[in-house]
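Colleague: Heads up: the protein sequence lines correspond to chains A and B, in order.
Numbering-wise (UniProt numbering), the first sequence opens with residue 1 and increments by one.
Numbering-wise (UniProt numbering), the second sequence opens with residue 1 and increments by one.
Hints were generated in silico from the structure; no laboratory data involved.
Among the clues, some could well be false.
Between beta-carbon pairs, the in silico distance windows are [as the list claims (entries may be wrong)]: (1) P133/A x K511/B: 21 to 31 Å; (2) N560/B x P133/A: 27 to 37 Å; (3) Q568/B x S38/A: 22 to 32 Å; (4) Q419/B x G111/A: 27 to 37 Å; (5) P494/B x N139/A: 24 to 34 Å; (6) Q344/B x S38/A: 53 to 63 Å; (7) R251/B x I353/A: 52 to 62 Å; (8) E431/B x L411/A: 53 to 63 Å; (9) E203/A x K511/B: 30 to 40 Å; (10) Q549/B x E203/A: 38 to 48 Å; (11) E203/A x L594/B: 51 to 61 Å; (12) R251/B x T201/A: 44 to 54 Å; (13) D522/A x K538/B: 50 to 60 Å.
Please read these numbers as outputs of a predicted model, since none were measured by experiment.
C-beta: ideal position from N, C-alpha, C; glycine also.
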Amino acid sequence: MSQYPIKPELQVSGKLSDNERLKAESEHLRGTIKQDLSNDITGGFTGDNFMLVRFHGMYQQDDRDIRAERAAQKLEPLHNVMLRARMPGGIITPAQWLAIDKFAAEKTLYGSIRLTTRQTFQFHGVLKPNIKPMHQFLNSIGIDSIATAGDVNRNVLCTSNPVESELHQQAYQWAVQISEHLLPKTRAYAELWLDEEKVETTETEPVLGENYLPRKFKTTVVIPPHNDIDVHANDLNFVAIAEHGKLIGFNVLVGGGLAMTFGDNSTYPRKAEVLGFIGLEHTLKVAEHVVTVQRDYGDRVNRKNAKTKYTIDRIGVDTFKAEVEQRVGVAFAPAKPFEFTTRGDRFGWVDGIDGKQHLTLFIENGRVLDFPGKPLKTGLAAIAKVHQGDFRMTANQNLIIAGVPPAQKLLIEQLAREHGLIDDSHSEQRKNSMACVSFPTCPLAMAEAERYLPELVSKVEALLAKHQLQNDHIVLRVTGCPNGCGRAMLAEVGLVGRAPGKYNVYLGGNKVGTRIPKLYLDNVGEAQILSELDNLIGQWAVERHSGECFGDFVIRQGVVAEVKVSKTDFHA
Amino acid sequence: MLLSSLVAQASPLSEQQVQQLQGLVSQLNPIQQAWVSGYLAASAQLAGGQATAPAAAATTSATLTIVYGSQTGNARHVAEALAALANAKNIAAKVVDLADYKSSQLKNEQYLIIVTSTYGEGEPPENAVSFYNFLFSKKAPQLPQLKFAVLGLGDTSYEFFCKTAADFDERLAELGGQRLQARADLDVDYDTAASSWNHALIKVVEPEFAATPSAQVINWPGQAAAVSQSQYNKQQPFAAELYTNQKITGRDSGKDVRHIEISLQGSGLTYQPGDALGLYFNNDPALVNELLSLTSLEGAAQVSLANQSLSLSEALTEQLELTQSYPAFAEKYAAASANQALQQLAADKTALRAYLADRQIIDIVRDHPAAAGAMTAQQLVDALRKQQPRLYSIASSQAEVEDEVHLTVAVVRYDAFGQPHLGGASGYLAERLAEGDKVRVFIEQNNNFRLPANDDTPVIMIGPGTGIAPFRAFLQERDARGASGKNWLFFGNPHFTQDFLYQTELQGYLKQGLLSKLDVAFSRDHAEKVYVQDKLRKHAAEVYQWLQQGAHLYICGDANRMAKDVHQALLDIVQQNGSKNAEQAQQYLDELRLAKRYQKDVY
Chain A
1 MSQYPIKPEL QVSGKLSDNE RLKAESEHLR GTIKQDLSND ITGGFTGDNF
51 MLVRFHGMYQ QDDRDIRAER AAQKLEPLHN VMLRARMPGG IITPAQWLAI
101 DKFAAEKTLY GSIRLTTRQT FQFHGVLKPN IKPMHQFLNS IGIDSIATAG
151 DVNRNVLCTS NPVESELHQQ AYQWAVQISE HLLPKTRAYA ELWLDEEKVE
201 TTETEPVLGE NYLPRKFKTT VVIPPHNDID VHANDLNFVA IAEHGKLIGF
251 NVLVGGGLAM TFGDNSTYPR KAEVLGFIGL EHTLKVAEHV VTVQRDYGDR
301 VNRKNAKTKY TIDRIGVDTF KAEVEQRVGV AFAPAKPFEF TTRGDRFGWV
351 DGIDGKQHLT LFIENGRVLD FPGKPLKTGL AAIAKVHQGD FRMTANQNLI
401 IAGVPPAQKL LIEQLAREHG LIDDSHSEQR KNSMACVSFP TCPLAMAEAE
451 RYLPELVSKV EALLAKHQLQ NDHIVLRVTG CPNGCGRAML AEVGLVGRAP
501 GKYNVYLGGN KVGTRIPKLY LDNVGEAQIL SELDNLIGQW AVERHSGECF
551 GDFVIRQGVV AEVKVSKTDF HA
Chain B
1 MLLSSLVAQA SPLSEQQVQQ LQGLVSQLNP IQQAWVSGYL AASAQLAGGQ
51 ATAPAAAATT SATLTIVYGS QTGNARHVAE ALAALANAKN IAAKVVDLAD
101 YKSSQLKNEQ YLIIVTSTYG EGEPPENAVS FYNFLFSKKA PQLPQLKFAV
151 LGLGDTSYEF FCKTAADFDE RLAELGGQRL QARADLDVDY DTAASSWNHA
201 LIKVVEPEFA ATPSAQVINW PGQAAAVSQS QYNKQQPFAA ELYTNQKITG
251 RDSGKDVRHI EISLQGSGLT YQPGDALGLY FNNDPALVNE LLSLTSLEGA
301 AQVSLANQSL SLSEALTEQL ELTQSYPAFA EKYAAASANQ ALQQLAADKT
351 ALRAYLADRQ IIDIVRDHPA AAGAMTAQQL VDALRKQQPR LYSIASSQAE
401 VEDEVHLTVA VVRYDAFGQP HLGGASGYLA ERLAEGDKVR VFIEQNNNFR
451 LPANDDTPVI MIGPGTGIAP FRAFLQERDA RGASGKNWLF FGNPHFTQDF
501 LYQTELQGYL KQGLLSKLDV AFSRDHAEKV YVQDKLRKHA AEVYQWLQQG
551 AHLYICGDAN RMAKDVHQAL LDIVQQNGSK NAEQAQQYLD ELRLAKRYQK
601 DVY
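With the rest of the complex left out, here is chain B:
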């Protein structure tokens, strides 16, 4: 954090505390500063966890506990917004990451609000896994004292839309809890609906808290201090300059992966290794033109969007989602354009989901163009949802790159239905944005993917494909800190000669000793496919030894297959090398997770 920009009104510290901190920091060298930063972060986490229990126990009636399960930060943002609303009404509220929530606390809880996303094939998000498992275990207590509400965030294009929220909602009721308000399951463009749900909830709880004289505001702890104090955020992104767009796969690669460097200069934005960069993009003008032509609409037509009047082509280019498809669009577009074929298709959810699997918005419209006069510009706008920013795991450490931020972006590019397709954000970064152009960004922090505070702690990083990104940040950070802990990286991709991301940098780290071990799996170079989990198994004894020595374990990359295969490999390794049964091995990894020694950033 830049202390010069730390002003009293923007920080939770008093003016006197700011002066004291500035006085101390001015005497520290960068390595000492880094140590202090890690120390404070660790003690804040500990304090956060411990402080909640007695506080809640003491004020038996007066705290709204808002917990969130989130991969991307969306649920956290909604939870924080709810807490702010509560505080404004003098309702004591605290926000807790589910990863930090003590399950033993649940039986004392009076007001519990859960905001959660759902993940992959209907599983809880990574930070909610422990709590979820507890809740569905035999240890889960009866909760007659509890009043609760659950808000689900999801994406209707997935089959298991908001399943985790529904699971929590049903389970809490089953255990005796009373609903404060009905659950809402919100789609990708959740902003307005989430705000309404929050306001409605506050209305419900306000009378109960007003009846409690001891009501007081409890500022939610910990993480606020780590949040960047910049004026820029998701709602107000910073227009950052693109410095570098460099392809880092070889010319014969089947993948197009870009190393992106963006300048944060002047933004005041700061980040930590493990955080993500949120990014808004402009849609491809060619795509916009084709869509206009297929719907027989004029780009100059004025439309209204979020109380704003603008031209249809502006709305399509800058504000709306044109690449990722979702059922609601098919339904609304079919209705607006009175397209019977699409209406029929949309009526069958399963068939529609299958139809949408590889299709972008444009493919749906190509299949079902609208004749002149069939629909209005406003109807098209209303059928589309607002563009959601894309999140990329940050591939750099500010200790190394200062006010730059680096990303590792796989360009989504494929041919389907006789047409080339390009990902919205990745296509924008890779092909439409020139070096020197501006891109709207913000920092999305991820406190559930953090280097150990203790620099002596060994780390095992498993990051095939673009999953390498945060580990480049970790390595830069540990290098800059002079951290003495061992670092072991597992990387994989199809071909050694073409897809060894950051090969020369990693070779350098290996040579200098920063990387203690580097194991690579190039799946397509051999008759038998070899993946990172195979490499883990190959080094099973040593992996277990590192874990026994206190190593932290990180996985980043593909959620559906890789992370599961790696998890299974880890279970097997623990079971075999620790002489445990399957259940004990599972428990071993659960404990690692609870101790924040097993963290995932998967997507």
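Next up, chain A with everything else stripped away, as it sits in the complex:
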């Protein structure tokens, strides 16, 4: 399948996982999805299609709050899909925003637009009869959801940096190009959802392979010193290197990823590492061949070890790099120096170098919905009706109203304040806390995340205040399962769901997201979490070095050991 000679010694042999069978039998991701769409006896997808719809950007979910209730009612779970749009770099126009605002209100169970850590939006709760109309609607406004889930390269992130607009524009264009370059070539999406005719050609997937990738694959374009997209959560990162404000090339980092499986010590969160520097002209080839090397040598036997990070740890980063260089035909230059100094979003107004102004709004949990006293969704729609620039969804689940001409600044600010989109009472702690969706929709959720975060933050705020640290914050993240959408494994305090009300607590990440935290508390409830944090924050207040962040403090104090090399240190 590969046009490059395969080295069997670099492959994992054994019986392929069942996902490999279903991809192989899917006729390039078609499966029997079409038949399922006309099956009106169930709201769900059957058999392999349950997995295959993911490649089209959807997850089958149900309202887990009422799953048992419905079982007693002799009703199947309230099956629906979550759709994740493909929006490289997270840029969306006001016209698009108004359209998705309307769709969310009229055709989804939850009525919300959910901004996510993949720098895009999700619709939650789309019933089967609405699925195809949804794709056609999205297509009509220039949006698709191809390959935003499944064993493919997913939505490509790009640092949300509206200030240096020229550099951002270049980086953003690369994010778009990489996304397009790595898309599946199958016409399944067009045929299934857009009713495009089946074309009699022999389809092939020259980049992703006929069986697609061994596992999900995540890519970013990042503009230092800002690490808002969390490079270490991604398989492949292009670190923008600029000279005099002009992009000249990228340092390439590979092998990051945060997912793990409880009880399986062969799985662990791992940082990305540097392969070297490349010129712009090699960007797409390098992207392609990091993917093809992972495609050919990723573990297709054990899905839990299938991600790029394990491939690199298994075959060695030098071998991995040599394979990529050989396929691209170019050697990596030594990496250019770069540094990350920030990670959170810069809330409020900033002036761009192009004379435009940009307003970053804190959207708690990324959930755009009208809440009592805070009609966020109505407010954003009102802004979209007058806004002349664009919107940028950030990888921290927030939203930037970008490119506001000075004359409109007051109007936008007024609308934002009227609708609770600017709330001066939000603490730094709240603005630096994040959670994945979890209950009630996510089928993987083991504990609450989004619905729990606001009250957890209030309790942590109280602890900080108790120790006179109310102006400080701790990067706090909650994720409902070890799959890690909430990126808790790059937090100073990370909670990972184990069971309803129970979490593993990891400590020791840092502010800029360049250190993996380590397990501190195993399977504990809120009371214990808060009592331990109270104690540690108390110590931090008294014994911290000047400006020392909480994560650095707990490492220095030996509260947890530092994770330097995940494979050996994380479970040690």
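Chain A is already provided as a structure; the job is to place chain B on it using the hints.
Modeller: Using the frame of chain A, we list chain B on its own:
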């Protein structure tokens, strides 16, 4: 039937026959037993139909033929009671379901008694449709030899009260028949009046039969054997334990439908798929208290009801009808309480019917309360009619649930006139009865809604809403029997996510192959409303093909709209796919009906 409980004096079999039957049954496995049961039922039906003709022809003067048209079994009960009276007087009598009555027999008939209800908008009940059509057709013979009487059962709250009875009565006279006794049209609480009418009739015919030396008792055939041999019946209901009360519509549904499971353990009650469960209920104590307060009466006041002395609140709670309203109450209550406004309203039948349409008894009294001393407790009791049991199509097969009986009950609940309203029986089951409490029940058999005796015969079941109930029973039965015939179910309701009754069970049946096809119509999920009849039309060719293959066709649910729309769809399907004209299509369905291949349980 439980053979251990089959005792000679309770069954029509001789002791020797019982022993022979027990000997045979002990050697059969359950599937063989089920087959034998179906075989015997079918042959009894055939025998019943054929036996009547020669018997009547041979004994030219000596049989009282009592036929009934009934949806609920009431007319059948009255017909059976009349036959028993006749037999007691040595008058030969037979009871025949109008669905089984051979129209060609009519010209030979000497004594014909018709007991019939009326249905919907003045139409004959389903089992009387063929006979009714025959009687009003050109084929109807002159009947100079005939002596007849007609008894109507109905409900005065309907506009077309006892219309079918009146139609029969007039038509038989028109064809030359002589009335034995004037027709009576009886309201919902017909018991006493029906008994009087029966006794009076026997008095009239007795001399005629006494003059006939060949008079003999002919035991009415067939169905008695299928009747449960329990000591419990409509008059003596069984206090059964409520096992389960489970809402089976989703939390966002506009409907509240309950799956009810009741234990028949220890009752000896048995039923067949297609039968109904009769159920008595207690009225809401809050409703009783409000009524007492509005009429300024004391609940402790002693009243007399059916020769029984009891307290007013007991009578109101347990014995009287407090939810369904009817004109007689308005009239009697207006008179008793000397309420002029209500008296005026009651004087105009049309206005009164409109007024009563959405009103329960309590609404009438709320509008017209009675001051202290205006009326007595006994007057209130006399104004109210006796509670009639509610019938629910049984949603289970004993082959599957043994001594349980399952129901699918839509809770009647609505706001009107600024007040919440709750149905009497459905409110009792859904809200007032706790699991473990007792509810008074009996079995009401329905021989006009039966699975084909032959397990290979395909069936098409059309049951939107709670009309699904008997089909759950059918499916359980066919599953337990290992019946190889194909099963096709049409179901509909407003919303897929909220109102797909028994969804997971049906999905299971579909997966296992018991259900060959399942077509659903969720009317409110689409811009254009889609109903079961639309789904039938969509599959017209296949529906017709199934019918041509001998499929039996069943409809259960709403009578006024759904059953008519479905019938029209079937006519169209037959006409188009069978290359027939409208008349031939009608004839095709009539023939299906006569062959018992097109059965309805509609309400």
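Colleague: All the hints need checking, so say for each whether the structure fits it.
Modeller: Evaluation of the provided hints:
1. P133/A x K511/B: 21 to 31 Å: holds, 28 Å
2. N560/B x P133/A: 27 to 37 Å: Cβ of N560/B to Cβ of P133/A: about 35 Å, so the range 27 to 37 Å holds.
3. Q568/B x S38/A: 22 to 32 Å: For Q568/B and S38/A the Cβ distance comes to about 27 Å; the hint holds.
4. Q419/B x G111/A: 27 to 37 Å: holds, 33 Å
5. P494/B x N139/A: 24 to 34 Å: For P494/B and N139/A the Cβ distance comes to about 31 Å; the hint holds.
6. Q344/B x S38/A: 53 to 63 Å: holds, 60 Å
7. R251/B x I353/A: 52 to 62 Å: Since R251/B and I353/A have Cβ atoms about 54 Å apart, the given range 52 to 62 Å holds.
8. E431/B x L411/A: 53 to 63 Å: Taking Cβ atoms as reference, E431/B and L411/A lie about 55 Å apart, which means the hint holds.
9. E203/A x K511/B: 30 to 40 Å: holds, 33 Å
10. Q549/B x E203/A: 38 to 48 Å: holds, 44 Å
11. E203/A x L594/B: 51 to 61 Å: holds, 60 Å
12. R251/B x T201/A: 44 to 54 Å: At roughly 49 Å between Cβ atoms, T201/A and R251/B fall inside 44 to 54 Å, so the hint holds.
13. D522/A x K538/B: 50 to 60 Å: holds, 58 Å
Checked against the numbered hints above, the structure breaks none of them.
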